[in-house]
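Engineer: Residues per chain, in single letters:
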Amino acid sequence: MARYESILDLVGDTPLVDVSVLSPNPRVKILAKLEGQNPGGSVKDRIALQMVLDAEKDGTLSPGQVILESSSGNTGIGLAMVSKLRGYPLKIVLPENVSVERRQLLEAWGAEIIPSPGSEGSNGAMRNAQKLAAEHPEYWYPYQYSNPSNPRAHYEATGPEIWRDCPEVTHFVAGLGTAGTLIGVGKFLKERNPRVQVWAIEPPLGEMVDGLKNFDEGFVPPVFTENDGYELLDRKRIVGTKESIEGTRRLMDAGVFAGISSGAILTGALKCAAEIDEGVIVFVVCDGGWKYLSTGAWTDDIDQVTERAKKIIYF
Amino acid sequence: MPVDVRLPTVLRQYAGGQATVKANGATLREVFEDLVLQFPQLHGQVVTEDGALHKFVNVYVNDDDVRYLDKLDTKVTGSETISILPAVAGG
Numbered sequence: 001m002a003r004y005e006s007i008l009d010l011v012g013d014t015p016l017v018d019v020s021v022l023s024p025n026p027r028v029k030i031l032a033k034l035e036g037q038n039p040g041g042s043v044k045d046r047i048a049l050q051m052v053l054d055a056e057k058d059g060t061l062s063p064g065q066v067i068l069e070s071s072s073g074n075t076g077i078g079l080a081m082v083s084k085l086r087g088y089p090l091k092i093v094l095p096e097n098v099s100v101e102r103r104q105l106l107e108a109w110g111a112e113i114i115p116s117p118g119s120e121g122s123n124g125a126m127r128n129a130q131k132l133a134a135e136h137p138e139y140w141y142p143y144q145y146s147n148p149s150n151p152r153a154h155y156e157a158t159g160p161e162i163w164r165d166c167p168e169v170t171h172f173v174a175g176l177g178t179a180g181t182l183i184g185v186g187k188f189l190k191e192r193n194p195r196v197q198v199w200a201i202e203p204p205l206g207e208m209v210d211g212l213k214n215f216d217e218g219f220v221p222p223v224f225t226e227n228d229g230y231e232l233l234d235r236k237r238i239v240g241t242k243e244s245i246e247g248t249r250r251l252m253d254a255g256v257f258a259g260i261s262s263g264a265i266l267t268g269a270l271k272c273a274a275e276i277d278e279g280v281i282v283f284v285v286c287d288g289g290w291k292y293l294s295t296g297a298w299t300d301d302i303d304q305v306t307e308r309a310k311k312i313i314y315f
Numbered sequence: 001m002p003v004d005v006r007l008p009t010v011l012r013q014y015a016g017g018q019a020t021v022k023a024n025g026a027t028l029r030e031v032f033e034d035l036v037l038q039f040p041q042l043h044g045q046v047v048t049e050d051g052a053l054h055k056f057v058n059v060y061v062n063d064d065d066v067r068y069l070d071k072l073d074t075k076v077t078g079s080e081t082i083s084i085l086p087a088v089a090g091g
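Protein chains in written order, with our numbering: chain P, 1 to 315; chain D, 1 to 91.
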């Protein structure tokens, strides 16, 4: 065991565990990067800490300044932990249709929640945060979708950790939300080995968010477009809610208790394993299953759980 | 053989409220051309005037985003389901 000065020193350096027992192809190994092991409970601890530290360093964030961000949950929770420890009041614009545990955790960390209509999803929460940030120039608005510290956290840490622990990696599979993980890790791995394939997995979010008036209200994160995301990704696949729940349950067979987005990403990794002849797939487990217990994901009738999960944002 | 095309909520108003429609074509581009013939109000919605996919629209053949296949030249045989979805953020 090691001894640490601060809980924030525990962010990153997460374990990589072999879950090849789940692989449909004996010539394909599958390894899970367990981001739920971060102290705030998700991969987003990395970017929350990086964004705050970088802003402290360059002076855009001053002691005691209010931090305002929009999040469907995990970035907010990561920021709430970091803000608590470094003394910043935090306001999170949160879509109303996230799991109850995400809201409870934000409250437990002392964040103020500003509700945003569920039918507008994360896009709506982001627009509301942008409006608030414009009205309150005294707030610091990290804007995770565009903040270069987001992909940097993964380029400087997550990617090198994977390369250190698994230089034989042939495929990297991760979820697409802000694109920070895919851009940062994907870029790092491809610089080391250009043959590494990068796969993005996304939920049918656009199906679940029905409050958009037209396509011009859609959104592609600047983190993606400004870092040549279209060139970097080799494949992008959608994984439906039922398949995501099934994936979440499959993960338990390898001893991994994870959230629903991780179930989606596993499902993507299994499809990848079934398509390729041989290889080593590393995929990201974004968070633990704790925040999704209220959905009954593991124990209730799969069709009921699917209907329930379709009503919440789990990415 | 016609393919099934699933429309997002924002487009259903231009297709008589239908969630799924059928269209013919050997490539995605042809499928979308056929859709516009059937539902003229869809013109310019998915494929823009300059012949490219709208930047905030994702199109999937089965579960694969066509931007990482052959884009609008992606071939279809009729057994696939094509889904059109608005690009939405996560995080």
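Hints are computed from structural coordinates only; laboratory data are not their basis.
Each hint should be verified, as a subset may be incorrect.
Okay, derived cross-link-like pairs now, BS3-like style, lysine-lysine, Cα gap no bigger than 30 Å in a straight line [to be verified]: (1) D:Lys22 / P:Lys187; (2) D:Lys71 / P:Lys271; (3) P:Lys213 / P:Lys29; (4) P:Lys187 / P:Lys271; (5) P:Lys84 / D:Lys55; (6) D:Lys71 / P:Lys131; (7) P:Lys213 / D:Lys55; (8) D:Lys22 / D:Lys55; (9) P:Lys131 / P:Lys242; (10) P:Lys84 / D:Lys71; (11) D:Lys71 / P:Lys213; (12) P:Lys131 / D:Lys22; (13) P:Lys213 / P:Lys84; (14) D:Lys71 / D:Lys55.
Engineer: Would the pair Lys131 (chain P) and Lys22 (chain D) pass a check requiring their Cα atoms to be no farther apart than 30 Å?
Structural biologist: Violated, at roughly 41 Å.
Engineer: Given the hint that Lys71 (chain D) pairs with Lys131 (chain P), test it: the Cα-Cα distance must not exceed 30 Å.
Structural biologist: With a Cα-Cα distance of about 35 Å, the restraint between Lys71 (chain D) and Lys131 (chain P) is violated, given a limit of 30 Å.
Engineer: Take the C-alpha atoms of Lys213 (chain P) and Lys55 (chain D), compute the straight-line distance between them, and say whether it is at most 30 Å.
Structural biologist: Holds, at about 16 Å.
Engineer: For Lys213 (chain P) and Lys29 (chain P), compute the direct alpha-carbon distance and say whether it is at most 30 Å.
Structural biologist: violated, 44 Å
Engineer: Could you grab the alpha-carbon distance between Lys187 (chain P) and Lys271 (chain P) and see if it respects the 30 Å cut-off?
Structural biologist: holds, 23 Å
Engineer: Is the Cα-Cα distance between Lys71 (chain D) and Lys271 (chain P) 30 Å or less?
Structural biologist: holds, 21 Å
Engineer: Verify the proposed pairing of Lys84 (chain P) with Lys55 (chain D), using a straight-line Cα cut of 30 Å.
Structural biologist: violated, 38 Å
Engineer: Is the Cα-Cα distance between Lys213 (chain P) and Lys84 (chain P) 30 Å or less?
Structural biologist: Violated, at about 38 Å.
Engineer: Has the given pair, Lys71 (chain D) with Lys55 (chain D), been kept, meaning a C-alpha gap of at most 30 Å?
Structural biologist: holds, 12 Å
Engineer: Can the restraint linking Lys84 (chain P) and Lys71 (chain D) be considered satisfied, given a maximum Cα separation of 30 Å?
Structural biologist: violated, 46 Å
Engineer: Does Lys55 (chain D) sit within 30 Å of Lys22 (chain D), going by the straight-line distance between their CA atoms?
Structural biologist: holds, 24 Å
Engineer: If you draw a straight line from the CA of Lys131 (chain P) to the CA of Lys242 (chain P), is it 30 Å or shorter?
Structural biologist: Not OK: Lys131 (chain P) and Lys242 (chain P) at ~35 Å, beyond 30 Å, violated.
Hint check: violations occur at hints 1, 3, 5, 6, 9, 10, 12, 13; the rest are consistent with the structure.
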